[in-house]
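Protein chains in written order, with my numbering: chain W, 1 to 100; chain F, 1 to 830.
Worth flagging that the hints you see were computed from the coordinates, not collected in a lab. Mixed in with the good hints, there may be bad ones.
Simulated DEER-style distance windows between Cβ atoms [said to hold, decoys possible]: (1) F:V572 to W:R47: 39 to 49 Å; (2) W:N46 to F:E765: 35 to 45 Å; (3) W:E71 to F:A696: 43 to 53 Å; (4) F:Q809 to W:A51: 36 to 46 Å; (5) F:H672 to W:N46: 45 to 55 Å; (6) F:E765 to W:E93: 47 to 57 Å; (7) W:G69 to F:Q809: 50 to 60 Å; (8) F:R356 to W:E71: 49 to 59 Å; (9) F:A696 to W:N90: 28 to 38 Å; (10) F:E765 to W:P83: 26 to 36 Å; (11) F:S826 to W:P83: 28 to 38 Å; (12) F:S826 to W:E50: 52 to 62 Å; (13) W:L98 to F:R356: 48 to 58 Å; (14) F:Q809 to W:I44: 29 to 39 Å.
Note that beta-carbon positions come from the ideal geometry of N, C-alpha and C, so glycine has one too.
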Amino acid sequence: MKILAITACPTGIAHTYMAAEQLERTGKQLGHSIKVETQGAMGIENRLTEADVQGADALILASDLPIQGRERFVSIARILEVPVQLAIKNPAELFARLLV
Amino acid sequence: MDYAFAFPLAGGLHAWPAAALRERAMAHRARFEFVNERTGRKAPLNSLLALLATDTRRGDPCRILVEDGNEDEARLDLIAFLSGPFLDCDRNPAPAERTSTVVPRIIERAGGRWWAGTGVSEGIGIGRVVFAAPPNAPQKPQGAQDEPRTDFELHALQQALDGLRSRLMEELQLASNPAQRSVLEVHLALLGDAAWQGGMVAAIREDHLAASAAVATATGAAADALHRSDQQVIRERAQDLQDLADRLTGVISGEDPEASRLHLTEPSVVVADTLAPSRFLALDRGLLRGLVLAEGGGTSHTAILARSFGIPCVTGLQLDLPAGQRVLVDGGRGLVIADPPPEVEAYYRIETEGDRQRAARLTPSAGRTLATRDGHRVHVLANISTPEEATGAFEHGAAGIGLFRTEMLFLHRSTPPGEDEQCQTYGRILKEAVGRPVVLRMLDVGGDKPLSYLPLPQEANPFLGRRGVRWYPGHRALVCTQVRAALRAALHGDLRLLVPLVSDVEELHWVRALVREAAEELAAEGVAFKASLPLGIMVEVPAAALSLEALAREADFLCVGTNDLVQYLFAVDRSDASLMRASYEWHPATLRLLERIAQGGRLAGKPVSVCGEMAGRPKLLPLLLGLGFTDLSVGPAAVAGVRGTLASLDAEACRELVRKALLAYTSSEVEHLLDSAQAAGTALPLLDPELVVLDADCRTKEEAIKLLVERLATAGRTRDTLGLEEAIWAREATYATGLGFGFAVPHCKSPTVIANAIAVLRLPEPIEWGPEATARLVFLLVSRADAEEEHLRVFARLARRLMDAGFRQHLLDDPDVESLLATLRSELST
């Protein structure tokens with residue numbers, strides 16, 4: 001599957017990046033194509049572009065606050081919204097949910 | 001004849017300055033009256049109570065009338081006092097600094113009983129409760145006596161007054177603590193108050209009361225007058241009056257003062273409704289761990305004394321506890337905790353240890369040599385006015401006396417001090433200095449600091465009149481005596497002579513010739529002296545700064561007096577608070593002039609020090625250091641703080657700051673640069689061996705966070721430990737930062753952070769960290785509100801790497817601090 005994700009946390013200095021790392025690692029292990037945008041203290045990094053959104057199967061929003069630029073993803077049908085902690089503690093479960 | 005002035009002290013005419021003013025006035029035969037034009041109240045200067053009752057605040061228009069006696073001399077002396085030493089009378093120790101109303105979480109979590117009052121003296125103490133009962137049951141006011149025994153009672157009263165007076169004098173003689181001395185001086189002044197004593201005598205004579213009843217009656221009336229004041233610092237003196245009244249009554253009734261004394265036999269916390277200053281002073285401070293009072297504010301003398309002796313004190317609490325109960329007193333936060341649980345004690349132990357370590361870094365045991373963070377040698381010397389101050393200055397770690405203002409030796413007397421007396425005084429300071437330099441500033445008097453035995457013509461503008469070196473040619477003999485005394489005393493150490501208010505090189509020539517002649521005289525008389533004394537000049541007149549090339553060639557050293565330099569540069573009378581702005585000190589014009597002076601000294605190869613008040617302001621130290629001033633002379637009390645600040649500065653970063661500041665147009669632009677330089681934290685590294693703790697045994701999350709915060713403060717990453725702790729807990733409140741595999745990453749972004757940092761704690765056993773997680777390895781990331789991206793990137797990288805099990809195992813296995821830091825550095829370099 002082609003999966004996109006965005007991570008964000010209140011301070012933007014730790015959990016955003018831990019969650020991104022977990023999603024990238026686990027996604028690759030499970031054989032998915034995965035790209036994760038971080039919205040942290042350094043602003044938006046690894047931005048999801050229009051090209052990324054084209055043909056994406058699912059989007060994971062692992063965030064504790066409103067995501068910036070949400071309108072980019074209206075074409076994606078499967079959007080999973082969870083607290084950022086969940087992506088850190090149990091990333092595999094998130095991917096499993098997308099497969100159901 | 002009268003003298004009008006605006007009342008200068010910020011704290012108003014409270015007891016300490018009033019006692020000093022009274023004492024000065026009583027040295028004269030003349031009678032003075034103090035008039036406050038705002039309140040319309042008058043007071044003879046010999047009555048402390050009446051002075052307090054004038055309710056004088058800063059800025060009040062006041063007058064002093066001289067009624068008889070040798071008016072001129074008395075008036076001049078009092079003016080000299082009011083414009084000099086009086087301005088220093090206000091050194092009332094400030095209330096507790098660590099003030100937070102936030103109760104440490106561990107206290108609530110541990111359960112048990114605790115109370116929150118008002119902290120008036122910082123510190124942590126643990127001891128057993130000892131109740132202090134009121135001194136002696138208030139004697140029943142006896143009515144008029146059947147048989148008038150007026151003479152007998154008057155005699156008893158007089159004996160009690162005399163007895164208590166000599167006891168207070170004895171106590172004063174033994175006291176070395178400055179606050180204690182001030183309180184005792186106020187008590188002596190109160191005891192000698194003519195109005196109060198008059199009230200007692202009248203009560204015996206006219207109302208036929210017994211002596212002790214007369215004391216009570218007169219005290220009631222006097223206390224009422226104090227209570228009418230709208231200033232708390234004046235109302236609170238009623239407690240001192242009552243303290244004295246109780247002691248007087250005790251003496252009259254023949255009570256043994258030892259009997260009412262509270263004896264402590266183990267580490268104790270004394271609990272009382274109120275505690276009179278004399279009863280506090282009678283306590284065994286070796287066993288006193290804290291005070292809990294129901295009444296009294298931060299300016300009560302007992303609170304001031306507690307602060308001065310470092311005894312934690314909380315007020316506004318009535319403890320319902322049995323005597324002997326073990327309690328912990330947190331004087332900063334105003335908390336009292338009954339039977340403190342071990343985890344609460346552990347928390348406070350960490351806090352106390354952090355405070356101790358930070359204090360140790362500031363103490364002189366760190367040695368006389370002091371360097372900036374990047375290794376540039378700097379010296380902090382002390383400005384003193386009396387030989388007594390030298391002792392304290394050296395205790396605080398002064399590298400020498402940068403400015404000894406000799407005026408004080410000349411000001412308070414009817415004849416000038418002789419050569420032998422001066423020689424002894426200078427020698428005493430030199431012996432105390434044991435080899436460290438002592439810069440003796442030659443007599444700096446003039447229209448603004450008049451000498452009673454040398455009446456000077458009134459000048460329209462004394463600050464532009466015959467001051468400093470300009471005054472010397474007219475008083476050659478007086479100056480010569482001082483120089484002879486200095487030459488002789490110099491045999492005892494490293495004495496240097498400093499000439500005030502030089503604006504022209506010819507003035508320096510004149511003094512040099514005088515020194516030469518004095519030396520020839522001594523040689524001819526066969527008196528021992530040191531042949532060569534370094535002769536330096538004060539640079540405090542803009543003309544001197546602008547002709548520094550000539551002056552620096554001739555002078556052996558230069559000393560910048562920023563107070564006068566700024567006053568003359570801006571043409572603003574520095575005693576006029578409505579005109580003088582603090583910001584003139586960092587105005588670009590001042591900085592440009594200072595740069596010129598520093599450069600002139602460097603080019604001529606002559607040392608330049610700064611001895612004005614500017615040098616004592618931590619905020620301005622980056623400017624002075626950046627300008628190239630490495631020798632700073634400050635008030636004795638500021639020495640330790642200035643040393644600490646200098647050690648934390650980076651000289652290269654300060655030079656960069658000054659380069660920018662010299663291009664600024666206004667004070668506020670410079671201020672902005674100072675603020676952002678401070679915010680930049682002058683480049684403390686993110687990772688630091690001081691911030692890696694592998695040997696601590698914390699049992700709770702509270703202890704772990706506290707320990708890391710204390711380390712951050714000791715390593716200069718924050719000055720506000722409580723604020724930072726709160727910021728970390730506020731972040732934890734959204735959800736705990738445990739990661740679920742024995743790691744926790746607490747973090748915060750907060751203005752309390754001076755420099756970003758990563759602090760690491762590795763524990764022998766995992767501790768609970770949030771509802772489902774435990775932690776053996778804790779990474780605390782602290783970030784300034786405006787952290788640089790470079791650091792944020794390192795935080796992000798660490799966060800990502802922690803998701804790698806191999807990396808985590810590595811961190812758990814690293815044998816020591818250095819290898820753990822090496823692992824982190826290699827993994828986090830971007």
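Numbers of unmet hints, in rising order: Result: hints 1, 5, 6, 7, 12 break, sorted rising.
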